[in-house]
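One letter stands for each residue in the lines below.
Number of protein chains: 2
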Amino acid sequence: MRRIADPTVRRLSLYLRFLEECEERGVATVSSEGLAHRGATTAAQVRKDFSLFGSFGKRGLGYTVSDLAKRLRNILGLEREYVVAVVGAGKVGRALAQYGGFAARGFHVRWVYDADPAKVGMEWNGLRVRDVRRIEADFPRTPPDIAIVATPADAAQSVAAQLVELGVRAILNFAPVHLTVPDDVAVKNVNMAIELEALSYALRHR
Amino acid sequence: MRRIADPTVRRLSLYLRFLEECEERGVATVSSEGLAHRGATTAAQVRKDFSLFGSFGKRGLGYTVSDLAKRLRNILGLEREYVVAVVGAGKVGRALAQYGGFAARGFHVRWVYDADPAKVGMEWNGLRVRDVRRIEADFPRTPPDIAIVATPADAAQSVAAQLVELGVRAILNFAPVHLTVPDDVAVKNVNMAIELEALSYALRHR
Chain A
1 MRRIADPTVR RLSLYLRFLE ECEERGVATV SSEGLAHRGA TTAAQVRKDF
51 SLFGSFGKRG LGYTVSDLAK RLRNILGLER EYVVAVVGAG KVGRALAQYG
101 GFAARGFHVR WVYDADPAKV GMEWNGLRVR DVRRIEADFP RTPPDIAIVA
151 TPADAAQSVA AQLVELGVRA ILNFAPVHLT VPDDVAVKNV NMAIELEALS
201 YALRHR
Chain B
1 MRRIADPTVR RLSLYLRFLE ECEERGVATV SSEGLAHRGA TTAAQVRKDF
51 SLFGSFGKRG LGYTVSDLAK RLRNILGLER EYVVAVVGAG KVGRALAQYG
101 GFAARGFHVR WVYDADPAKV GMEWNGLRVR DVRRIEADFP RTPPDIAIVA
151 TPADAAQSVA AQLVELGVRA ILNFAPVHLT VPDDVAVKNV NMAIELEALS
201 YALRHR
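Protein chains in written order, with my numbering: chain A, 1 to 206; chain B, 1 to 206.
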């Protein structure tokens, strides 16, 4: 399978979310049009997206929800479990560590770290905040699959560099800073403040 | 000033975040290199970004932190206040309504709505959750500048359509669905689950 572009991956996630709702409601088949509506795209684009991964669905009959959902989970790498470490035990880190929805999708937060002695030792949902200086000793052989960086901005780059050195290959970044990492490390950013400012920019310049 | 591309706007936000930290620490001037480090770009790109808005800084002397921060706040539309409505009083909506950091940056949550009678009437930080059916009566003349959509996925598109009809021109979307809106409406998405799945895709296919 060839590497697909990020916007396509995002549409696949949106289609999957829709299919899972169909599963919950007992809907057995969906059309390209139904999926297109959810991915805010066209039925032709839906068919094109799926054609990247081989054949799906039957002409005139639509897609079988359970089959398509299973195939998308496979493509998106959601059929396995991921071990997650959270660095930064502030508001965001704490919310992430306590959020049960992650584990339900196979993302298991196993470690939470902070540099602040006042936070180290706190326990949330059975997860104890560890001293960030222990990272290296904690991951000598098996680093987490995914690290979540939820530190202040000025610490994020050095934390990311250390995580990469210890073998982490996927980072979800909540710090308001663009992380520089080697090409073989995936970084995705979640930052509400940056998005809000993009909106205020749009309002100012429309 | 010509319209600038979204990645540039994001870099401006990152530069501004860095400048505000400099202000707090009492740093008076910064170099293109310092800004580049933070925006994960090059000093040449920093100068190019700023050249879009006229001249900044002095060759060899760098940029005056307070002047540059003020100019960026102006460009990003952060010198005014924005009225914000949150639709959807679930976990995300509640966190947003209670988060003080918004107001500090000029984003004031004035309304919170939900469709669930069990949530309507709840009060957080002096903000009472209102019945979503009252939106139309609430915004007869002056819609909020920005609406935050934090509803379940299947309600998000119809809520967005209603907001747009009532005059909203900027939407921050937390629902896992791509919103379809007219060209003159700005939409930005914040979705951790989608970002996590983009990471699991990357891990699966590297």
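Derived from the structure by calculation, the hints contain no laboratory data.
Be aware that one or more of the hints could be misleading.
Said to hold, decoys possible - Among chain A residues calculated to face chain B with C-beta under 7 Å, some are: (1) A36; (2) R38; (3) L52; (4) L76; (5) V92; (6) R94; (7) M122; (8) A202; (9) L203.
Glycine is no exception: its CB is placed at the ideal position from the N, C-alpha and C atoms.
Checked against the structure, which of the hints given earlier come out wrong? 1, 3, 5, 6, 7
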